[in-house]
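Asks: Below, each chain spelled out in residue letters.
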Amino acid sequence: MSLISTLARMEAVASGSAQPLATVRHRRISDRPLVLVPLTTAGEAGAPLGALVGTERDAPRLLTVAQPRDRDLRFAFLGELAEAVLPYLDEYADAVEPAERSEADPETGKRVKVTVELCADAPQIVVPSRPGIDFVRLLGRSMRFRRTAEEDPDAAYPAPPRVPLLGRWLTHYGERARVPGSSLLLAATDLLNRHWATGQSSLEDQHLGALLAWIDPPGSLSGADAALHAELDRDPAGQLVCPPAGPATDPAFDNKLLAPAVEAYDRARQALAAAEDGPRAEERLARLTAAEHAIRALLADVMRPTWDSVWHALDLLRELPEGGRVADRWTRDRWSFTGHRDRVRAGEPPQPRHDDAVTAAQKLASRESAQGQLEAQEALDDPLVLAGRRLSGEAFLSEVTEVVMAYSESRRPSPRPLVTVRTDDRPQLGEGVKVYRSLDGKPQSAEFVRYEEDGSPVLRLTDRMGRAKDPAPGSVPEKGDRIAWTLFEHDQRGGPKLPDPEDTPWTHGGPPGADGTPGVGAPDGSGAARGSYGRTGTDAAVGPDPMTEEDFL
Amino acid sequence: MRGNAFEAKVKADGGTELLRLLVERLGGTEPPPGPGAAATPDLSASGPEGRVARTALALREATGSGGWTLLDHPLLALEVAGSPAYLEPDAVVVRPDGRWTVVEIKSFPMIDGSADPSKVGAAARQAAVYVLALERVAARTAGAEVADRVLLVCPRDFSNLPTASVVDVRKQLSVTRRQLARLTRIEDIADTVPEGTTFDLEHCSGDELTAAVDSVPASYAPECLAACELAFHCRARSREADAVEALGRGVRGELGGLTTVASVLAAAHGESGDPRDPTVAALRRAAELRAEALASAAAAPGRTGGGDGRDGPGPAGSLSACEAASTGGTSSSGATTTSTRTRSRAGTGEAAATGHGHGRSASARTES
Amino acid sequence: MTAPATHGPDPAGRSADGPNAGPPSAGGRSSGSAGPDDTAAGFDPGAAAGRATDAILRDTLHGPHRGVVVDSPPGAGKSTLVVRAARELAAAGRPLMVVAQTNAQVDDLVVRLAEKDPELPVGRLHSNDPDPYDKVLDDLPNVRKSAKAADLTGLDIVISTAAKWAHVQGVEPWSHAIVDEAYQMRSDALLAVAGLFERALFVGDPGQLDPFSVVGADQWAGLSYDPSASAVSTLLAHNPDLPQHRLPVSWRLPASAAPLVSDAFYPYTPFRSGTAPGERTLAFGVPSDGSGPDRVLDEAAESGWGLLELPARRTPRTDPEAVRAVALVVRRLLDRGAAATSERSPGPRPVTADRIAVGTAHRDQAAAVRAALAELGVSGVAVDTANRLQGREFDVTVVLHPLSGRPDATAFHLETGRLCVLASRHRHACVVVCRAGVSELLDEHPSTEPVQLGVTIKFPDGWEANHAVLARLSEHRVSWQP
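Protein chains in written order, with the working numbering: chain A, 85 to 637; chain B, 64 to 431; chain C, -3 to 478.
Hints in this document: simulated from the structure, not taken from any laboratory. It cannot be assumed that every hint is accurate.
[Said to hold, decoys possible] Derived Cβ-Cβ restraints for the label pairs, each shown as a range:
#, chain 1, residue 1, chain 2, residue 2, range
1, A, Ser86, C, Gly376, 29 to 39 angstroms
2, B, Thr261, C, Glu317, 41 to 51 angstroms
3, A, Arg116, B, Ala325, 37 to 47 angstroms
4, A, Glu515, B, Arg339, 23 to 33 angstroms
5, B, Pro111, A, Asp338, 29 to 39 angstroms
6, C, Ala407, B, Gly66, 24 to 34 angstroms
7, A, Ser86, B, Gly66, 39 to 49 angstroms
8, B, Arg339, A, Ala98, 23 to 33 angstroms
9, A, Arg380, B, Ser282, 39 to 49 angstroms
10, A, Arg380, C, Ala407, 40 to 50 angstroms
11, A, Val180, B, Ala304, 51 to 61 angstroms
12, A, Lys340, C, Glu317, 52 to 62 angstroms
13, C, Val282, B, Arg339, 28 to 38 angstroms
14, C, Ala88, B, Leu246, 57 to 67 angstroms
[As the list claims (entries may be wrong)] Computed cross-link-like contacts, DSS-like style, restricted to lysine-lysine with a CA-CA straight-line distance of at most 27 angstroms:
#, chain 1, residue 1, chain 2, residue 2
15, C, Lys144, A, Lys581
16, A, Lys553, A, Lys518
17, C, Lys144, A, Lys194
18, A, Lys526, A, Lys581
19, C, Lys74, C, Lys131
20, C, Lys141, A, Lys518
Note that CB positions come from ideal geometry on N, CA and C, so glycine has one too.
With these hints in hand, go ahead and build the complete structure from the sequences.
Replies: Next up, the structure:
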């Protein structure tokens, strides 16, 4: 934690309410996000229990699993989830605009510009908390290798239609959420924590209710008091007034409310199965329906506060103006969405269980690049973020005190003006250190030359002054200009080209599948052996998960 | 619960499947025993001492037998802080060559060969303690050797089929050995508590219990909340004391000798502290920069209309926030700039969508 | 005082198998520790090291495997080995590319090669940045420099950084490569360059700082080709039969230091000092004035280690008292006319400023020490972070303990590689400056590291290694107050 945010936390303690960590909003909030509040079954390692989902804050769609151990009920839940989510994704798939991108020409191998479709906007999913993102990933993994009856008429347990497709989309969103600065799949707690500091620890900040209480306490309570209430208050029946944001539930809820309701449901089901005549069956069916409704009502009640909290969080975030470079990052999210749309449409198989070596390296490189870019863009968009970089000597504000024209020592001398600046900041300048400023939204670089006797740094501008002997108008600062310089680059350089997966070198196991990679039913999990089958990228290798009597999902 | 059902399934048929997994993962020269071929001695005895003795005897017999033995829930003893602690591993396997292997059976899944690292870490630390306790027994058993790699058995993917992974616990072993050696003895802790203090739940009032708990020193950190029932009590005390740790261990790093929130804020706002102290100097600088940035943002023009820049350039006002600071809050020179650069990159997949960056060589973690 | 110079094989008898205990695989083997003269009685370091080098060169030049891996503990002659292997490969007519991790390492190798063999045609492939290589290279007549690989074809040896090599495309692959500092290279960096060579010799120190990523890479942990892991771990996961060698002797670390460093940081691959107790000595022309710095210098001269302990206190990172103590120790070391006697010269040599280094964990600490030294009128002493001291060697080092005065012990500060680098730069003596209370701090931060399935452990736990080093250092404790 940087000293500036530590200080913000302490100020929150002293004042009793949250303090800003940003002056602009650093993430895109869609005009019409899809909010998903999922719950999981305690002790069942990821079996879904229920969800509220939808784009209308007043009309969430309630999905429940009355008996989480019943595969048919779980599949029905996932089928309903697909019905709730996929149409929302589809809405964005067809609104496109033309865009250019460079591709390798299949014949010449040269990079050429081609015009392709880019989705004009992308669907956005917001979950309450970080475990919610993990759960989306888990759901995606559990669904994408399922087979529907249409795909595999012999499947013992066919999945409902579109469930595998939802699995692929949730996998894509879960993976995209790992890219720094992306906004396709967001957690409300992450969003709030990026923009406000509370007077509690970052671990306690994972509690959505307490976090919101610090930022926007109800009534006349202080944030600190409201947070304590949100954390601890229970009703006379011993239930938390502000239930956990999930997907895990409170044990008191599981034991006192849910377990009896599920038992009642089980009994009603057994009774129905044992019914001997029509009228009795009808009566017992009504009881079963009532038992199911009771569970639905319980789950709706326990999820609703979280649902409302997520929308409350979105309201708070919308009050902040969007950072200038957020749209740039959102465009990448749109590319990401469009790309996955294209892969699905092209009939490509689901994402493999493991990335191959080249894909893993590419993803890591792109995420590191995104991280660098995010840090730079946030600092350029937000003086409060820039303040942190100034404190650490990675940026400085300055006033130009002198500009001396100079030229490079080459056959065609280019302008290399020397700019002397005055600053109160303490940048870590040294011989040859490069600095950058934003000129018309693009970086202009300079290098540190020396300190004047009064301690003022002298910088030599090195680019963006045009090709002529005289610098382009406006490209050289003037005396009195106040300029923010950074020691970090504003854009990330492209990395090296990695080999194609089929050219994976011997050091990394050779091309995928080359050494008899087992596909379906590969033994898993034994140390280094993981890698030797850790690439099931080709369609033939992607089999469904084995199904047993007691699957978790 | 499912955990117990899973363990029973793993150990069914005299542990045939368990031993098959063990041989598959750990290798070795002997093939796994067929169904019923492994000995599964009865370890029941009266009292913990009896069970410990029974386990030691069974281990000795198994080691000399030259065959496979599966010990289901053996009981081991280990001295912790001067008092004996009894430990019950899920299983210990004795191989024909006399090597003992600890088996941990957990109900969290291994999905595509990986599992929750914090849970695996906890299992590894737990198993290391069993290995240590077994080493004490092995030291008195001819031909015995305790493996420092344990077998972790979990449900595979989303099924209840068992799968297993070998976990090397050498690190956890060395750490546990040192921790055991450094633990304060229980009598020494008792000596620091006032005479007559008791934690007897049945014969104490709430106030007495609170007083008793308060008399024991505790070092609270927010991590405690996930692990300890007394954490809320300690947190309240820590907050009362205005301790910086209540905000997380990480915040202390740059605060030097300042231990309370009030002292940090006083130092930051110039009300106390020696400006030559690097901590105080850094705090003052941080407070100044923070205040300046907040003021400049509040004064910056064009702070309305955020979030509507969906398809076009972002609102000029937000882009200029930093440049407004740089122009001292006067007219925004950045107003003409656009923030959306047209991306002209290949757009398939995440890697392409963000371009593959990074030409840096991996050197070492930042040391700033 | 001085720990025994030799110690037996590790208790589990695993020393020859490397970190992966278990049955050795058919082709995989490890050399360097076992040998007829490796017994405690008659250890001949020169012979042991020579045997290891011969085996490495034999496997590299004539072995059937595409790769050879060499683990080199601190100061074990890694650079010498690289230079020798490069020259022998060149002499055998095998076009060779050398991959190093930083430009400084590349330039250093070029200079060493030219020193050994001025006639050898060497290419220095460099970036397009300004000042891409050390100007010293301009004085070497047989070194050709270019930013384009095509300009350097036909030269016996071409040397560059991994980052630059990764951009080389469309050239004939080299028949051989040497990858230097391979443990500090990331797996994805190797992926980008491995297509450029047929076979390779990988050399590195497994005990120094591991490569890392600024973003999470947990999703690939345990995969053999985890892009954030070290190049060597990927290589060996996919090619477990490659010969693995170990340089068994540290020529840098004195007999007093090798056991501590080996035990704490290389418990599964121990090494020894190339010199015997008493072969290296450190003496002062000026006697002690009884102050803390002087007494700790005496202790370090006598035993090879000194721990200057300041009173327990929570401090900022740039603890002014500790920083000043470090600077004072250096000042006194120079003032007292330290002279070092070693196998390198017949008589004592003065320990001048350029033979002294100060090591810290953070850059701001290094900056504070530099300022404190300047105040005391000391110049020419290398003051840097562990990161930047990697691979360097001095007579005496003064280390500001990474945990000194800290209120917390983070993963960064507990990283074994950091402490290992700081404790293994010296030929004669190492003085550690530290506040009291670090053991208690460690006890408050018990190791609860998460464990990823399938990740091979290579190195001891940071928490344990810190305790182990501290326990050994405390035998050489001198308190600041007399």
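Asks: Against the structure, test the hints numbered earlier, and report the numbers of the ones violated in rising order.
Replies: none
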